[in-house]
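Work out the full structure: start from the sequences and follow the hints.
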Amino acid sequence: MKIDNTLPLEYQTEENSNRIFGFWLFLGAEIVLFSTLFAVYFTLWTRSGNGPTAQEIFQIKPVLLETFLLLTSSFTCGLAIHSMRLSLKKPALIFFAITLLLGLGFLGIEIYEFVTYVHEGATLQTSAFLSSLFVLLGTHGAHVTLGLLWGSGLMIQIKREGFTRDTANKSFIFSLYWHFLDVVWIFIFSFVYLKGLM
Amino acid sequence: MKWDEFFVTGEPMIYGAMASIVLVSLAILFCLTYFKKWGYLWREWLTTVDHKKIGIMYILSALIMLFRGGVDALMMRTQLAGPDMKFLDAQHYNEVFTTHGVIMILFMAMPFIIGLMNVVIPLQIGARDVAFPRLNAVSFWLFFAGAMLFNISFVIGGSPDAGWTAYFPLAGIELSPSVGNNFYSIALQIAGIGTLITGVNFIVTILKMRAPGMTLMRMPMFTWSVLITCVIIIFAFPVLTVALALMMFDRMFGSQFFTMADGGMDMLWANLFWVWGHPEVYIVVLPAFGIYSEIISTFSRKNLYGYKSMVVSMIAISLLSFLVWAHHFYTMGHGAMVNGFFSITTMAIAVPTGVKIFNWLFTLQKGRIEFTTPMLYSLAFIPIFTIGGVTGVMLAMASADYQYHNTMFLVAHFHYVLIPGTVFAVIAGMYYWFPKLFGFRLNERLGKLSFWIIAISFNVTFLPLFFLGLKGMTRRMYTYSESTGFGPLNLIATIGSAALAIGFAILVYNIYWSFRYQPRDTTSDPWDARTLEWATHSPVPEYNFAITPNVKSLDAFWFWKKNKQPLFEGKIEEIHMPNNNGQPFVLGVIFFFFGFFMIFSWWTPAIISGIAIVIMLAVRSFERDHGHHIPVKEINKTEQQLRGDKA
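Chains as they are written, first to last, in UniProt numbering: chain A, 1 to 198; chain B, 1 to 647.
Calculated from the structure, these hints are not laboratory results. One or more hints might be untrue.
[As the list claims (entries may be wrong)] Derived DSS-like pairs: lysine-lysine, alpha-carbon spacing no greater than 30 Å straight-line:
1) B:53 x B:208
2) A:2 x B:208
3) A:89 x A:2
4) A:89 x A:195
5) A:170 x B:302
6) B:562 x A:2
7) A:2 x B:37
8) B:448 x B:53
9) B:562 x B:552
10) B:471 x B:53
11) B:37 x B:637
12) B:53 x A:2
13) B:552 x B:208
14) B:302 x B:86
15) B:53 x A:170
16) B:302 x B:564
17) A:2 x B:571
18) A:2 x B:633
19) B:564 x B:86
20) B:564 x B:637
Here the structure is a predicted model, which is why all the values come from computation and not from measurement.
Structure follows, in structure tokens:
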């Protein structure tokens, strides 16, 4: 195992540094995945059939709150990684915890939003527009959910082992993932909600 | 659900298949127990993370799938042998051409290519293994789970029957109410995830794990082709993932993506499918070009002509491959501008491909050509593939395509591209790299015999289809009347396909024969080849190279042999290797059941197995496995044994 101590902790073994590179490639695939979902949405978003249109169901308030929560969580995630770089275990854990709680809040509002839609008679089955909306938002939401599970597992490992080469590597990769979800959300916020409300 | 809805019933051939599946499974279980091979199977194969063994498993699965897809093909050809044949009914014929297409592309061509990639790439770049050996095993087991899931559809639940392209609205729940197309969406999804992971794994491997001194422009051409292919995989496969997921939502959860009412758009499926589907063609054909480049250069005893232009043309092909998808449905009416654009991009692909053809020809020029079996396949590839390419340019002309669209002309075209382009290449690659894996060559006489039968009968099978297509015979029609006049040419094609089957049977027999009787090679470089994989022993030890090679030029091994340019400098040191692990196999099994329950919409077991998958991910995350080190003493001992030193 080749070890290079001049690099940051998460990059020090060759294997770990490959993992980070591999994860970047995986995020490339994720960009294609979400781009495809966006393309599907843009193709279908005016095709609401007998169901409600985007303008009729979108509400700015919960969406703004979701955006605020997720963007803040991205910031605290960055702070967690900053603490990790300074080898501060406890602040890192606290920031990770805040990140995940904010993520949980985001998810709660999204679920509430979905329930509201369904109550208004706007379901996955109603129209092509709603199918593409639910699947695009749902895919993002599923990613956040997985992130919550992943992050919780990661926190247990950091608590047990502190920041080793392994846990630092895992934390860094997790942060890449979390920031990526944030970027996707910015696109959803701008091109799904704001565009739909106009 | 009643049992006769669960199992496919009412067809004597299917009952025969069921009985043979049960018998073969029992025979395998009995043999494993009788010869006490369970432990061996688990330790050496099911838990392995060794790229060479994973490659062998990929290739074995691909050969089995070649058999399955080949039987489908023979059934179709039998049904079409004469007018008004009653061998298959319309429904059965639909299922057979669907599974033939899916299996040949996704479960034969892809795994065969990925198998060769696994075997060769780490050796060619002088690495110990791929970047993520455990993930590599996950890729394989996900592919295998998907393949098995897809294959059981013909006895359980019924096969998909909407063509390998599964166009909507035909593939929707309204017109295809059976679970057949659920098999399509779920099984391909699982296998597709495996492929995507392979793409990531090999890019990291090739970019980060090359031996010292091997710059990008010193990489063997096969490595280059795989690198470019993996980039295409990363950009193309997520589109398939989305398309299949939307298909699943439409069929199982009542969404309206591709339906005909409530705003759905059936053409969206065709677009998504081909945005993946056309690059997919290049995913299977670019590595094949790489294989041919290696073989042609080895057996011409010359370096590859136009190395840089080979690389540039492959990159050009990979970019263009994403800009041609609409040529698969010119006739669906997207207007002259769109058709014109896609027509031009499609024809443009012929340019870089032509560059490659000329490079191979110039490599051959004034070479000392040796007609070995892999070389014969490579030489046959050039003219046959050119016919496929030229008819491709004919099809690319949008206005003329209205005449050829969905006719046998198209069927002939893509078989002329894919069989010499991919099948010949993987067979050639198998013959070429076989001695590296097993320490002996496949028999050349049997090899050449099967080559000639395959090459000639391929043309007998598919050349008539061009003319049938021009006469107006459409693809996927399960029968025709005598007055159409399609009979004689179809009969010739059917005879050709039978001969093709004999050719493949000889190929398989050759593997068996060579295992038993072929003399073992004493040299690790039987072909006098040029690239690094031939610099280590055959069969290759677990750690690939005792000393990491130090690359000073392109074809470094060749110049080491001919000019005594140093290659292995330094001494043997401890080698770090990954540990075997059973988790990838278990994950594959869970994915199989998860997929099966999803297909039949059995939600409770599906959720339970879904949770099991998440638990497996968590187990992996909490595990700390840093592999093991092979001590110098053991390496020295292995090296001595492989060199054949007396103790």
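When you check the alpha-carbon spacing of residue 89 (chain A) and residue 195 (chain A), does it fall within 30 Å? Violated, at roughly 42 Å.
Starting from residue 302 (chain B), check that the Cα of residue 564 (chain B) is at most 30 Å away, please. holds (18 Å)
Just to be careful, I want the Cα atoms of residue 564 (chain B) and residue 86 (chain B) compared with a cutoff of 30 Å; is the pair within it? Roughly 67 Å between the alpha carbons, so the hint for residue 564 (chain B) and residue 86 (chain B) is violated.
Hint check: residue 37 (chain B) vs residue 637 (chain B), CA-CA at most 30 Å. Holds or violated? Measuring from Cα to Cα gives roughly 27 Å; hence the hint holds.
With the threshold set at 30 Å, check whether the alpha-carbon distance from residue 471 (chain B) to residue 53 (chain B) stays at or below it. violated (48 Å)
Does residue 37 (chain B) sit within 30 Å of residue 2 (chain A), going by the straight-line distance between their CA atoms? Between residue 2 (chain A) and residue 37 (chain B) the Cα gap is close to 37 Å, so the pair fails against 30 Å, i.e. violated.
Restraint check for residue 53 (chain B) with residue 208 (chain B), where alpha carbons must lie at most 30 Å apart: holds (22 Å)
Taken at face value, is the distance from the CA of residue 2 (chain A) to the CA of residue 89 (chain A) at most 30 Å? Holds, because 26 Å separates the two Cα atoms, which is no more than 30 Å.
CA of residue 448 (chain B) to CA of residue 53 (chain B), is that 30 Å or under? holds (27 Å)
With the threshold set at 30 Å, check whether the alpha-carbon distance from residue 562 (chain B) to residue 552 (chain B) stays at or below it. Holds: residue 562 (chain B) and residue 552 (chain B) sit about 14 Å apart, inside 30 Å.
Agreement of residue 302 (chain B) and residue 86 (chain B) with the hint, judged by alpha carbon distance not exceeding 30 Å: Distance of about 55 Å is beyond 30 Å: violated.
Would the hint linking residue 2 (chain A) and residue 208 (chain B) be met if the CA-CA limit is 30 Å? Answer holds: residue 2 (chain A) to residue 208 (chain B) is near 13 Å, not above 30 Å.
Consistency note: the structure conflicts with the earlier hints numbered 4, 5, 6, 7, 10, 14 and 19.
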